[in-house]
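So you can see what is in the structure, the chains are spelled out below.
Protein chains: 2
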Amino acid sequence: MKTEGGSPLNLNPEPHAASDRRRLRGGAPIQIGLLGCGTVGGGVLRLLAENSGYLAERAGVPLVVKRVVVRDLEKERVSALDRGLLSTNPAEVVDDPSIDLVVEVMGGETPARELIERAIDRGKGVVTANKLLLAAHGPALLARAAARQVDLAFEGAVGGGIPIIRTLRDAFASDWVERVTAIVNGTCNYILTRMRDTGASFDAALREAQDLGYAEKPDPSLDVDGHDAAHKLIVLAMLAFGAQVDAAQVHTSGIRTIEEADHLYADRFGYTIKHLAIGRDLGDAIELRVHPTLIPKQSVLANVSGVLNAVLLEGRAVGPSLVYGRGAGDLPTAVSVVSDVLDVARSIASGVAGMQGRGMSIKPRRVRPLSEIVSRYYLRFAVEDRPGVMGRIAGALGDAGVSIEQIVQQGPTKRSSGAAAREPAVDVVLITHDAQEGLVRSALDAVAREEFLREPVHLFRIEEP
Amino acid sequence: MKTEGGSPLNLNPEPHAASDRRRLRGGAPIQIGLLGCGTVGGGVLRLLAENSGYLAERAGVPLVVKRVVVRDLEKERVSALDRGLLSTNPAEVVDDPSIDLVVEVMGGETPARELIERAIDRGKGVVTANKLLLAAHGPALLARAAARQVDLAFEGAVGGGIPIIRTLRDAFASDWVERVTAIVNGTCNYILTRMRDTGASFDAALREAQDLGYAEKPDPSLDVDGHDAAHKLIVLAMLAFGAQVDAAQVHTSGIRTIEEADHLYADRFGYTIKHLAIGRDLGDAIELRVHPTLIPKQSVLANVSGVLNAVLLEGRAVGPSLVYGRGAGDLPTAVSVVSDVLDVARSIASGVAGMQGRGMSIKPRRVRPLSEIVSRYYLRFAVEDRPGVMGRIAGALGDAGVSIEQIVQQGPTKRSSGAAAREPAVDVVLITHDAQEGLVRSALDAVAREEFLREPVHLFRIEEP
Chain D
1 MKTEGGSPLN LNPEPHAASD RRRLRGGAPI QIGLLGCGTV GGGVLRLLAE NSGYLAERAG
61 VPLVVKRVVV RDLEKERVSA LDRGLLSTNP AEVVDDPSID LVVEVMGGET PARELIERAI
121 DRGKGVVTAN KLLLAAHGPA LLARAAARQV DLAFEGAVGG GIPIIRTLRD AFASDWVERV
181 TAIVNGTCNY ILTRMRDTGA SFDAALREAQ DLGYAEKPDP SLDVDGHDAA HKLIVLAMLA
241 FGAQVDAAQV HTSGIRTIEE ADHLYADRFG YTIKHLAIGR DLGDAIELRV HPTLIPKQSV
301 LANVSGVLNA VLLEGRAVGP SLVYGRGAGD LPTAVSVVSD VLDVARSIAS GVAGMQGRGM
361 SIKPRRVRPL SEIVSRYYLR FAVEDRPGVM GRIAGALGDA GVSIEQIVQQ GPTKRSSGAA
421 AREPAVDVVL ITHDAQEGLV RSALDAVARE EFLREPVHLF RIEEP
Chain Y
1 MKTEGGSPLN LNPEPHAASD RRRLRGGAPI QIGLLGCGTV GGGVLRLLAE NSGYLAERAG
61 VPLVVKRVVV RDLEKERVSA LDRGLLSTNP AEVVDDPSID LVVEVMGGET PARELIERAI
121 DRGKGVVTAN KLLLAAHGPA LLARAAARQV DLAFEGAVGG GIPIIRTLRD AFASDWVERV
181 TAIVNGTCNY ILTRMRDTGA SFDAALREAQ DLGYAEKPDP SLDVDGHDAA HKLIVLAMLA
241 FGAQVDAAQV HTSGIRTIEE ADHLYADRFG YTIKHLAIGR DLGDAIELRV HPTLIPKQSV
301 LANVSGVLNA VLLEGRAVGP SLVYGRGAGD LPTAVSVVSD VLDVARSIAS GVAGMQGRGM
361 SIKPRRVRPL SEIVSRYYLR FAVEDRPGVM GRIAGALGDA GVSIEQIVQQ GPTKRSSGAA
421 AREPAVDVVL ITHDAQEGLV RSALDAVARE EFLREPVHLF RIEEP
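Same order as they appear, the protein sequences are chains D and Y. Residue 1 is where the first sequence starts when you use full-length UniProt numbering, and the numbers rise one by one after that. Residue 1 is where the second sequence starts when you use full-length UniProt numbering, and the numbers rise one by one after that.
If you are wondering where the hints come from, they were derived from the structure by calculation, not from laboratory data. Watch out, some of these pointers could steer you wrong.
Listed next, the stretches of chain D that the computed footprint assigns to chain Y, with coverage defined by at least 3 CB atoms under 8 Å from CB atoms of chain Y [to be verified]: (1) 262-276; (2) 299-311; (3) 316-325; (4) 331-343.
It should be emphasised that the depicted structure is a prediction, and the values quoted were computed from it without experimental measurement. Idealized CB from N, CA, C, for every residue including glycine.
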């Protein structure tokens, strides 16, 4: 992670007490406190137990779970949990001087934030999978950890079992990340895959996802409206571009507006529709957006199907690099959390805690407004079937300086039953060449004033990742 | 990396001198010696120079190139190289006590092996991208490094810029790798992509690859016959399965036998032909093979095109995980080498060198013979066009206990001009259900005795990665 210019958050204090800390530790086990014991927490306990011998060898000392904080002492837990370790009091983890490492898997902002801050202030290493918290307070938490010379690790926060955080941090250490193109929400990807493969409507595919436990019931909006993906993009941008961003700066749209017809037209033009989180480093600014996107069927991202996630990085020297896998689920996320636990435990045991964040610089960066981005566009207009309409649409785009690569008219459509009673509607669908979004929007404003338009225009951006 | 049972190579000595070493070092820069300065070496020098400030921050001390050993002092070099550092004497790197870290980018087995051994013996960290050497002597070199408590890092050896080594080592630390399915030879992948997309013959696609510098001239056999992929599979198996294997144990076949017709039939059945390196951990044995393979067009590996590489790991807990990117080229490989340099330098600077290999166990494991593997098969028989032939082929397979999923007959083919003079040949092409390879081979032996067979049978295995 590199940025130009100064760094308002100092993540680079001099390590001074490391060798003392190691001498003090001797070969004592690393004592771990868990905050939360849901599905991920249960998976962490299981993996720590099953791999204890191997992890002790890798860390150089045994890893021991000392305390597990939960809300309900009576609830059923995994068999790997010794119930004697349970407590409802988080202070027994974050304030216990014998605990070296805190694993936060409770989620949410409150009280997770305060507990992590307290753990850091008391010199403990922290591992978390809390993307919401990191999206809101990541840079401040990292700076706090760096100042206190402890590690804050969060591989599980983005992309479940995908090693994207360590890839950005370590593998790209000597490269410059120019672009991030990511499928990071399994719910959206499942719904879009089913719509494409079975011709299902959004509503039908959502119900199916809910029945399978891939989408929240009754309110799936955190996923299908793109907010979850936006949180993950903020965390990725922090590492890839050294950017401190808040959610309001990320253009975020979800998948509710995609209709069956859009999948059919996309396919006809050689594309697949994916819900992407896109980040670009333009030098003087960055671009951050989350939205449905048409990508070529030959793209490697096009075959990332169902609940799978993938993050494609474009490095200046290394070129494209993709990591792919299960983006959610208790075990994949738990594997990432335990990998972090091993890393942090090893650093503590060898007296070099707090080194991972060294050299990081995270600061606010200008985010390019959506109107300034340049993209190709897929536009679908449901219009009255009468002569001259295609010409009026093409004309409006031409007047705005937007040139068209392909245009087709097809219909009548059966979607809009109210409209069909009047007169059959047809679809005019087109693909533009590269154009600035502001120009496209002004053309659409002109078309919106035409009486032949039956529904709001369907606009999706096109990427060639 | 985990294996069951004992470990004949002891990679786990107690670290004892680490804090002493760190105290001795103080904040002194890490002195680097380069062995070799070809395209990768030049890229390494460039990245070290361009990122020197950032790398020093991350490592905690400056990284300084002290000596660059080359064969020809007069040859043109990258501008990042201070020619005063050049030497033709490798002893000035491996025997110089002030050099902390040796980067071996000369390639080949001799003298690289001896120089790396000497560097290890003198307590230096080593970074290499030498897959040939690692395939032949990886376990012994790792054991030597562990015994001397120094790091031996080799991210650049497999998959160029793809962070596959650290993914296996770190991200999968608490998981068990059950399967590795990899596209690791860019030359083969380029040729197969061109054959599929343009209908070119193997010879034409090979010439094109040679003209573009993607295949060696005049002898491309290291790549197209699969040996390069086998070397990489051996390195992957060392980390993924803790297996010490030699090249003779890896079934290796190349892509010369694939004809245009095979791409057409594969496509018709819903598959793409890829040259894959496949490893499986079956518990009591492992499976290691390199060969052309039919995979479903919907597989994420199917869209890994051109010179790109990808490694798909199947973890018991984490599920599928894929890393993908440029598998070769000076800069991608150099990025991996420099990431390793940073890792190793950081360990030296903080007095914890030699910890990365801790907990690794590498030992000989039983490799399942090819006759025992179970797979689905694509079989193409070029036969005389006469009644009963399809029945005879199906009968031979049935007699051997191999059941057929699909069978088609098509022709006449135009491929075999000599045969065409006699009588038009037709193709009988079939896909089997899962079958043991030994049974398939015995069926093919029976068919080989039939006089209707015009050419040797084309056999390709089918995988569903």
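How the hints compare with the structure:
no., hint, in the structure
1, 262-276, "violated (count 0)"
2, 299-311, "holds (count 8)"
3, 316-325, "holds (count 9)"
4, 331-343, "holds (count 9)"
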